[in-house]
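Spelled out, the chains give:
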Amino acid sequence: MSITFKKVSHIYQKDTPFAYKALDKIDIHLQQGRMTAIIGATGSGKSTFIQHLNALLLPSEGSINICDREIRSDEKPKNLKELRKQVGLVFQFPEYQLFEETILKDVCFGPKNFKVTQEEAETTAKQMLQIVGLNESYYAISPLDISGGQKRRVAIAGILAMNPDILVLDEPTAGLDPQGAKDMMKLFKELNTVHKKTVLLVTHDMDHVLEYCDDVVVIKDGHIEKHCDVSSFFQDCEALREMGICPPAVIQLKEQLQQKGFAIEKQALSLQDIVKAIVKEVKQ
Amino acid sequence: MNGISLGKYLPLDSCFHRLDPRAKIGALLMVMIAIFLPAGFLGYFIIGASVLVATYLSKLRLNFLWKAMKPMLFMLIFLLIVNLLVIKEGTLLFQIGSFGIYSGSLVQTLYIVIRLTLMVIITTILTATTKPLDLTLGIEDLLKPLKKCKVPAEEIAMMISLALRFIPTLMEETQRIMKAQMSRGIDLEEGKLKEKIMSILSLIVPLFVSAFQRAADLADAMEARGYVPSQPRTRYKQLRMQKKDYLFLIICLGIIIANIILWRLS
Chain F
1 MSITFKKVSH IYQKDTPFAY KALDKIDIHL QQGRMTAIIG ATGSGKSTFI QHLNALLLPS
61 EGSINICDRE IRSDEKPKNL KELRKQVGLV FQFPEYQLFE ETILKDVCFG PKNFKVTQEE
121 AETTAKQMLQ IVGLNESYYA ISPLDISGGQ KRRVAIAGIL AMNPDILVLD EPTAGLDPQG
181 AKDMMKLFKE LNTVHKKTVL LVTHDMDHVL EYCDDVVVIK DGHIEKHCDV SSFFQDCEAL
241 REMGICPPAV IQLKEQLQQK GFAIEKQALS LQDIVKAIVK EVKQ
Chain B
1 MNGISLGKYL PLDSCFHRLD PRAKIGALLM VMIAIFLPAG FLGYFIIGAS VLVATYLSKL
61 RLNFLWKAMK PMLFMLIFLL IVNLLVIKEG TLLFQIGSFG IYSGSLVQTL YIVIRLTLMV
121 IITTILTATT KPLDLTLGIE DLLKPLKKCK VPAEEIAMMI SLALRFIPTL MEETQRIMKA
181 QMSRGIDLEE GKLKEKIMSI LSLIVPLFVS AFQRAADLAD AMEARGYVPS QPRTRYKQLR
241 MQKKDYLFLI ICLGIIIANI ILWRLS
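Protein chains in written order, with the working numbering: chain F, 1 to 284; chain B, 1 to 266.
The reader is advised that the hints may include incorrect statements.
[Stated by the list, open to error] Using 27 Å as the maximum straight-line C-alpha spacing, the simulated DSS-like pairs for lysine-lysine come out as follows:
1. K6(F) to K21(F)
2. K8(B) to K14(F)
3. K189(F) to K179(B)
4. K194(B) to K78(F)
5. K6(F) to K179(B)
6. K78(F) to K192(B)
7. K59(B) to K81(F)
8. K59(B) to K14(F)
9. K192(B) to K81(F)
10. K243(B) to K14(F)
11. K76(F) to K179(B)
12. K194(B) to K81(F)
13. K105(F) to K192(B)
14. K192(B) to K76(F)
15. K260(F) to K276(F)
16. K115(F) to K8(B)
17. K81(F) to K179(B)
[Unchecked claim] A short list of chain B residues far from chain F (calculated; beta carbon distances all over 12 Å):
18. M32
19. L84
20. V120
21. L133
22. R176
23. V209
24. L218
25. L247
[Said to hold, decoys possible] On the chain B side, residues computed to face chain F include the following (Cβ under 8 Å):
26. Q175
27. I177
28. R184
29. G185
30. S202
31. P229
Think of the hints as simulated: they come from the structure by calculation, not from any bench. For glycine and all other residues, C-beta sits at the position ideal for the given N, C-alpha and C.
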């Protein structure tokens with residue numbers, strides 16, 4: 001179930017004067033079961049990249065291997081539905097895709113498209129609504145009558161109900177209040193650890209990346225700038241700033257403490273680690 | 001969605017782009033009248049030649065005009081079939097079973113084809129060389145005399161410019177929702193009729209919801225900035241007719257007159 005990109009390029013409006021190369025010969029291998037953050041400035045090609053994962057966009061050049069399927073630029077793929085069931089893609093502001101009369105029906109929409117029976121669809125839908133934190137009292141309400149944060153939960157439940165192996169999320173916490181964003185990230189972490197789903201998410205929040213993710217992919221001007229695990233990623237503040245990334249608050253604190261003369265190891269990446277290091281030093 | 005050239009503005013630099021929008025709208029109306037005068041093929045030749053010159057002067061490529069024509073092809077074929085079946089004038093050309101094909105029907109169809117082609121080309125030239133906002137400014141100015149008989153010229157112009165402004169936004173929105181629902185497993189190409197209807201419903205409902213939401217937000221934003229419909233408003237961009245604009249109109253008037261003469265002589 002791992003994902004491999006081989007020399008993938010994507011050109012929008014190919015063969016017209018408006019042609020624009022959004023991805024440039026991308027090579028990447030994403031492991032199964034990891035929670036990976038995709039970061040990069042606006043217009044760097046993040047959205048184009050993730051839309052290749054369930055073949056909404058097809059590569060102009062190169063090939064992609066996902067879930068034992070190969071998608072190549074030189075042949076038109078068939079039966080993409082199967083792939084879209086395995087790779088659940090949640091767009092930015094997914095609340096705008098709700099349309100059914102009731103929340104339960106809307107969550108059932110995905111599974112029913114994949115030929116699941118009504119009863120089964122409803123059972124999964126109820127489970128998923130439970131996971132995203134919406135109880136029975138919400139089942140019969142119109143999805144257009146609830147708050148923005150709740151709508152987003154419904155939309156995410158709608159994707160989860162398809163039971164994808166890989167979950168891809170485009171800025172899932174954008175526009176949510178801090179508590180709502182935190183709950184959302186915890187939910188994704190739980191899906192990753194408990195339900196064993198491979199999670200990829202686009203985000204701008206470095207605190208979230210540090211706290212919840214395993215790997216980081218940096219995309220810049222249509223190519224992969226960096227791909228490594230979170231702890232090595234946040235160890236070098238200079239490199240982060242060079243890429244135009246503002247380090248998370250904890251890392252900034254560590255940096256300032258180091259400047260004041262505290263000897264904190266490079267590997268210390270959480271508040272507890274830092275506190276331990278200080279306590280140790282004060283005791284000495 | 002990017003293959004559409006009907007109504008698309010092309011940011012080129014030509015003498016047509018620099019003409020006053022009012023002159024261009026006026027010219028469009030005049031040439032339209034000329035097109036509908038029954039002046040025979042010679043009349044169409046005059047108009048066609050002028051349109052070709054106009055295309056050349058506006059630096060548009062024939063390929064672009066052809067793309068604008070494409071959606072009309074189906075209608076033209078339909079018209080041809082209807083005409084062949086209905087019109088029984090002129091000489092009988094040949095017979096298929098009990099159906100006769102008459103020369104009159106071919107001539108009639110050819111007239112319609114030429115008329116429609118010319119109409120599409122001149123409107124395409126207008127929209128390709130005039131920014132949508134300039135176009136609405138022109139419409140607003142041209143409707144001004146009608147204000148005396150209580151036609152809300154400014155409001156109409158505002159409505160047109162808002163509608164034009166939101167076409168690309170709604171197109172983008174449609175694409176976005178389509179992709180989102182495709183990720184949820186809808187299939188617009190395959191599947192049974194019932195499934196297809198359901199798929200379309202899953203696009204239309206969110207699109208309507210967001211369009212109404214946008215409209216409400218926009219109305220609030222306009223009110224917050226002090227927009228009151230019936231109040232007189234000043235305008236930053238003033239349109240001024242110049243010599244070349246009058247010259248352009250005179251040429252178009254010439255085309256009408258030529259066609260009237262041809263019509264009367266025939």
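Taken at face value, is the distance from the CA of K81(F) to the CA of K59(B) at most 27 Å?
-> Distance of about 45 Å is beyond 27 Å: violated.
Just double-check M32(B) for me: nearest Cβ-Cβ distance to chain F has to come out over 12 Å.
-> The assertion about M32(B) holds, with a minimum of 31 Å to chain F.
No chain F beta carbon within 12 Å of L133(B)'s = holds (21 Å)
Hint status (Cβ of P229(B) to nearest Cβ of chain F, threshold 8 Å) = The hint is violated - P229(B) has no Cβ within 8 Å of chain F, the shortest such distance being about 29 Å.
Within a Cα-Cα threshold of 27 Å, do K76(F) and K179(B) meet the stated pairing?
-> holds (18 Å)
Do the alpha carbons of K194(B) and K78(F) lie within 27 Å of each other, as the hint requires?
-> Distance ~22 Å between K194(B) and K78(F) Cα, so the pair holds.
Take the C-alpha atoms of K194(B) and K81(F), compute the straight-line distance between them, and say whether it is at most 27 Å.
-> holds (18 Å)
Verify the proposed pairing of K260(F) with K276(F), using a straight-line Cα cut of 27 Å.
-> Roughly 17 Å between the alpha carbons, so the hint for K260(F) and K276(F) holds.
Beyond 12 Å from every Cβ of chain F: is that where the Cβ of V120(B) lies?
-> The claim holds: V120(B) sits with its nearest Cβ about 21 Å from chain F, beyond 12 Å.
Taking 27 Å as the top limit, are the C-alpha atoms of K192(B) and K81(F) close enough?
-> With a Cα-Cα distance of about 15 Å, the restraint between K192(B) and K81(F) holds, given a limit of 27 Å.
Restraint check for K6(F) with K21(F), where alpha carbons must lie at most 27 Å apart = With a Cα-Cα distance of about 16 Å, the restraint between K6(F) and K21(F) holds, given a limit of 27 Å.
Supplied contact hint for R184(B), tested at 8 Å Cβ to chain F = Status holds, d = 4 Å.
Of the numbered hints listed earlier, those contradicted by the structure are 7, 10, 16, 22, 23, 26 and 31.
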